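> Place chain S on chain R using the hints.
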Amino acid sequence: DAGVIQSPRHEVTEMGQEVTLRCKPISGHDYLFWYRQTMMRGLELLIYFNNNVPIDDSGMPEDRFSAKMPNASFSTLKIQPSEPRDSAVYFCASSPTGYNEKLFFGSGTQLSVL
Amino acid sequence: AQSVAQPEDQVNVAEGNPLTVKCTYSVSGNPYLFWYVQYPNRGLQFLLKYITGDNLVKGSYGFEAEFNKSQTSFHLKKPSALVSDSALYFCAVRDLNFGNEKLTFGTGTRLTIIP
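From first to last, the protein sequence lines stand for chains R and S. Under the numbering used here, the final residue of the first sequence carries the number 1470; numbering is consecutive throughout. Under the numbering used here, the final residue of the second sequence carries the number 109; numbering is consecutive throughout.
So that you can see chain S by itself, here it is in the shape it has in the complex:
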């Protein structure tokens, strides 16, 4: 079975500081990994994905994520946080060997950027 864990329910960061939102995953085969963001009263929006290749993936709005196979992690990062980055962030995983298109989401991390 595939699963993903987001160990922090809430992350607070001062504006201009670097931010990290943590994610670890568990799959039996090779993972496809995704980050999505949800703004209030909206559906989830795609930020970035890792399929294969470079471990550092760049996405929308200046976000990037680093795939670490040995630590089974896929942390979301941004060098300088903006107040507008405040939102709910979800990590998600698909198991390439699992044979279907199911995308399993984490429980989400609420990111608050403090002006």
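Next comes chain R alone, as it looks inside the complex:
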């Protein structure tokens, strides 16, 4: 298995533009998580899905952020409009089941909003 695949690896955009980050989880994994990593706040959970259904989105910073999982093999995180403070590394992770299973992380998307 190729692991969790995220695209793009790097994204540079201007303030106000729409940004879409993509994630392909490991086949057979029921859980998908979106995290954001910054120097100031560390690693923050934004949202997670179980069997394509959003379970907890309390970490989504504001309405400008949205996430979807239309099927078991694909998820998107969208920011519209983007702001400079959204600059961060965004990680997608998947897990076979919940609770005591380890997460498998993608390589992340480095987002820079100018």
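Just so you know, these hints were derived from the structure itself, not from any lab. These figures come from a predicted structure and were not determined experimentally. Where is the CB? At the ideal position from N, CA and C, for every residue including glycine. Be aware that a few hints might be false.
Unchecked claim - Chain S stretches covered by chain R per the calculated footprint, using a threshold of three residues with CB under 8 angstroms from any CB of chain R:
#1 32 to 40
#2 96 to 107
What the hints assert, rightly or not - Some residues of chain R that are not near chain S, with every Cβ distance over 12 angstroms (derived):
#3 T1369
#4 E1374
#5 G1384
#6 N1408
#7 S1414
#8 F1421
#9 A1423
#10 R1441
#11 S1443
#12 S1468
Showing chain S alone in chain R's frame:
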């Protein structure tokens, strides 16, 4: 609510010496505890976990961690450090009684092994 603290932002250790990276946690119920490592420009990789059983947990790359319930700690250890161990280390916790699959991470500790 669940939380985890890594009191040291940076730890420097000479190659060949033992290393310890500290972690303390707070949960309302029983904890599931994890350590992850992050190399530059990479995602986090799982090192080890404690769910139940022996307090000393062994993981990847010769790392181990000791669960101490009375001190609410889960320190990461290795008997002899390698230069290749230099990376960012994250402790994480899930609260078994919290009823969801949220994994809360610490702020990370940068480990530098000095040749």
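> Run every hint past the structure and note whether it holds.
Here is what the structure says about each hint:
1. Three residues within the 8 angstroms Cβ limit are the bar, and the segment 32 to 40 of chain S against chain R gives 6, so the coverage statement holds.
2. Under the rule that three or more residues need a Cβ within less than 8 angstroms of chain R, the assignment of the segment 96 to 107 of chain S holds, with 7 such residues.
3. At roughly 20 angstroms, the least C-beta separation between T1369 (chain R) and chain S is larger than 12 angstroms, which holds for a residue marked as non-interface.
4. The Cβ of E1374 (chain R) lies farther than 12 angstroms from every Cβ of chain S, with a closest approach of about 24 angstroms, so its non-interface assignment holds.
5. The non-interface label for G1384 (chain R) is consistent with chain S: the shortest C-beta to C-beta separation is roughly 16 angstroms, beyond 12 angstroms.
6. Annotated as non-interface, N1408 (chain R) keeps its C-beta farther than 12 angstroms from every C-beta of chain S; the closest such distance is 15 angstroms.
7. The non-interface label for S1414 (chain R) is inconsistent with chain S: the shortest C-beta to C-beta separation is roughly 9 angstroms, within 12 angstroms.
8. For F1421 (chain R), the requirement that its beta carbon stay farther than 12 angstroms from each beta carbon of chain S is met, with the minimum near 17 angstroms.
9. Its beta-carbon lying about 15 angstroms from the closest one in chain S, A1423 (chain R) satisfies the requirement of being farther than 12 angstroms from that chain.
10. With a closest Cβ-Cβ approach of about 19 angstroms to chain S, R1441 (chain R) is found to remain outside the 12 angstroms limit, as its non-interface label requires.
11. Listed as outside the interface, S1443 (chain R) is consistent with that label: its C-beta sits roughly 16 angstroms from the nearest C-beta of chain S, beyond the 12 angstroms cut-off.
12. Every C-beta of chain S lies more than 12 angstroms from that of S1468 (chain R), the closest at about 14 angstroms, which supports listing it as non-interface.
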